[in-house]
Amino acid sequence: MIHLENLTKKYGEFTAVSNLNLTIPKGEIFGFIGPNGAGKTTTIKMMGGIMDPTSGSIDICGINMKDEPERAKKNIGFIPDRPYLYEKLTGMEFLRFIGNLYNVDNKSFTGKAEEKLNMFSLLSWADELIESYSHGMKQRLIMAAALLHDPEVMIVDEPMVGLDPVAVRMVKDLFKHLAGEGMTIFMSTHTLKVAEDVCDRIGVINKGVLIATGTVGELKKKSLLVDADLEDAFIKLTT
Amino acid sequence: MPGFLDDVLILLRPRFLSFKNPLVAANSKKEFYRNLFLGTAGFLFWIGIFIISLRTLKYFYRIEGLGDILVFKLLSMLVLTSFSFLIFSSILTSLSKLYLSRDLELVHSMPVSGNRIFFARWIESTADSSWMVVIYTLPVFVALGVVNKAGLFFYLNTALVLLSLSFIASGISSVLVMAAVFIIPAGRMKSILLFLGFTLFLTLFMVFRMLKPEQLVDPDVFATVVVYLDTLKAPSSPLLPSTWVYDSIKESLSGSLRSSFFHSALSWSFVSVIIFINILIADLIYRRGFSKSQTASSRVFRYKYSDFPFTGFLTGASRAFVVKEIKTFFRDQTQWSQLLLIGALVIIYVFNFSVLPLERAPIKTIYLQNLLAFLNMGLCLFVLTAVAGRFAYPAVSSERDAFWLVKASPVKIKTILWIKFFIYFLPLLILSEILIVATNIILQVDAFMMALSFISVLLIVPGIVSIGIGFGAAYPDFKSENPAQSVTSFGGLLFMMICAGYIMAVIILEAGPVYDIFMASVHQRSMTVLQWLRAVISFSIVIVISILAIILPMRFGEKGLSKVLP
Ligand SMILES: Nc1ncnc2c1ncn2[C@@H]1O[C@H](COP(=O)(O)OP(=O)(O)O)[C@@H](O)[C@H]1O
Ligand SMILES: [Mg+2]
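From first to last, the protein sequence lines stand for chains A and B.
Position one of the first sequence corresponds to residue 1 (the working numbering), numbered consecutively onward.
Position one of the second sequence corresponds to residue 240 (the working numbering), numbered consecutively onward.
Please keep in mind that the hints were generated in silico from the structure rather than gathered at the bench.
Please note that a few of the clues may not be correct.
[Claimed, not checked] No farther apart than 27 Å at their CA atoms in a straight line, the calculated lysine-lysine pairs in the DSSO-like style are these:
1. A:107 - B:651
2. A:112 - B:566
3. B:651 - A:66
4. A:74 - B:802
5. B:268 - A:74
6. A:107 - B:802
7. A:10 - B:718
8. A:74 - B:269
9. B:802 - A:10
10. A:66 - B:802
11. A:10 - B:297
[Said to hold, decoys possible] Just a few of them, taken from the derived set where beta-carbon distance is under 8 Å, the chain A residues facing chain B:
12. 48
13. 49
14. 50
15. 51
16. 63
17. 66
18. 70
19. 74
20. 80
21. 84
22. 88
23. 93
24. 97
25. 100
Ideal Cβ placement from N, Cα and C applies to all residues, glycine included.
Build out the structure end to end from the sequences listed, making use of the hints.
This is how it looks when you write it as structure tokens:
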């Protein structure tokens, strides 16, 4: 479903992501963890087609991002780390904007939009301007928008930042449910608990290099710590 | 007040630090050349104003008996216009500096009292709103000094007294803004801007009417020359700050230093009074007003989702952007309040034509009409360029932080640029055609000239919009607080210059053949083969460059924008 090959990004001389190789099968939740500045957001922006890689290739559902960016992006639900939106639209109008952009057909739109808003407890805010939303509400609105066109792949940068505990629980359950229905989810996080709870597999990135991949259990073993929790494993791996 | 100035200076420090010498602190070679280019262009513009002023002044002084009076009349018009301009610009700047800027939340969380924050912000706002007006009126005064062989005192006094004028304008504006924010209920910032915008419109219009510019060129309307001279000499109201400034400059020019000094002192003492009043008022209401202004404007009425009228035929991305762009535009005060300004500009423009004393002109009327129609076409297109600079040029920058959405969407950058092109093309085309047809009707031009202007505008408007969208996309500014101001940047300057070049090229290409056609019809003979050839070639070139002007800038913008990171 997602295939990254020798993915590299340089900002001038500085290499932010170096030679990343990854394959994520359909229906898997993949957690991308690493300390601040490791290169997670950079990788995610390249996967979302927001930024071109310096070299290497990205395939989404077998479609190459460089060759057919529009077709590849149609299959992606993209959620960035900072919820910047059009502040002067209402939640509902924003969904309509996204719906038009992704060619969601008009007949099913209203039903879908209301369902998603309800799912993220935003229905009563549907007709308020986004500028009056809180950070967490904007984050939830972006998630609702990203799911509107039933993407096959979800790419999420730090999904839990700014959400309250109820929303965190809801998002975790939602991700598991969506993956169960066949959606592939790639999420970055530095909250290890989240990674441990939801992810089928985890990749650890540090200074732009992927240093380990595997299930939580495998990673714990790799760090040669018996009975350690993921936090210890993480600190051991990245220092 | 112990420590007042210390606190104010600390609050201003971030601003000083980011204001390094743009040539020394340039981060890259590219930036260096960019700044150098901007600086040179600005300097040349200054010199241009200076030379034009010098020539105009010399011309006026040659008119026996009347010259002196005319010069002083012009001077007082200049001071009054600058003053109203300063007030207008500082109303907008102080509203944004005191209540709307993004960094205000941070500043207000600091342990500093409200009136100190106010004062630091007010200084910044004064500088921001007035430096351009002051710098670009200076060459006129320098020219005046040069022509009159004035001494050093004249230049020093003029600079200082103009400075006092900007302080006064800024002080008056901030009192108005603070009072408006305080009086008008929370969540009605929109209404405030409507109110301020409307006041401004009226002020501009009144000032313009007070100046009665058409009387300068038309002494006939006065019964006798004596009455005419008297009107010119009539002093302006002694209560207006601009009068003190004008008097001070006038007296220093004629060498009466004491009298000049008196008026300067009057002006500066008013500065201290207005600052004192401002600090008092700020102490009372600034912080409360700021806290009030935090309420988002949504609660005025709910935006129940509705399908937008007239957009039913659009689908997909074009529908998405058309609806978004229109709604955001009308909900964003900083955007639509500019419409008022443009309205004022247009009315003043058309009005100017209606008062031209065409009947009394000594030259043959048809000839003059055609000349004016040509001039009018050029002016209309320059007005259009200014409007496009306000709306089409910032079209891409106005995506601001939400630009990632555009990049992540399954739509080509090219498609989005063309959608934006059409969103701005239609209204701008309608505006310019109305302008050109209305003014041509007032000028009573013949059918040929009417058709020619109509078609030329039809050809040129898409080019100008395309240059606006294209250069706005190639040099986007997603970080600025007010995207409408992005036209003052490097890319905006390029946009203005290229548009000016394009318009002039078309007018020059058309002027020759039109003259031939016109002369042929006046003398009732047919044009020679050579003249026909020239006409065909000229008009063909106009069509070719117009097509290029539509295609090339959009390509340039697409290339540039593809490289930009959100
Ligand atoms: N636009 C940029 N220009 C230059 N360097 C950048 C840019 N964006 C990120 N970086 C650098 O790349 C590295 C990786 O950043 P990022 O991908 O944002 O890390 P994170 O894993 O925290 O999301 C950091 O060292 C950061 O400083
Ligand atoms: Mg990040």
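Hints, verified against the model:
no. : hint          : verdict
1   : A:107 - B:651 : holds, 25 Å
2   : A:112 - B:566 : holds, 23 Å
3   : B:651 - A:66  : holds, 13 Å
4   : A:74 - B:802  : holds, 21 Å
5   : B:268 - A:74  : violated, 40 Å
6   : A:107 - B:802 : violated, 37 Å
7   : A:10 - B:718  : holds, 23 Å
8   : A:74 - B:269  : violated, 37 Å
9   : B:802 - A:10  : holds, 14 Å
10  : A:66 - B:802  : holds, 14 Å
11  : A:10 - B:297  : violated, 61 Å
12  : 48            : holds, 5 Å
13  : 49            : holds, 6 Å
14  : 50            : holds, 4 Å
15  : 51            : holds, 6 Å
16  : 63            : violated, 11 Å
17  : 66            : violated, 13 Å
18  : 70            : holds, 5 Å
19  : 74            : holds, 4 Å
20  : 80            : holds, 6 Å
21  : 84            : holds, 4 Å
22  : 88            : holds, 4 Å
23  : 93            : holds, 6 Å
24  : 97            : holds, 5 Å
25  : 100           : holds, 4 Å
Going through the hint list in order, the structure does not satisfy hints 5, 6, 8, 11, 16 and 17.
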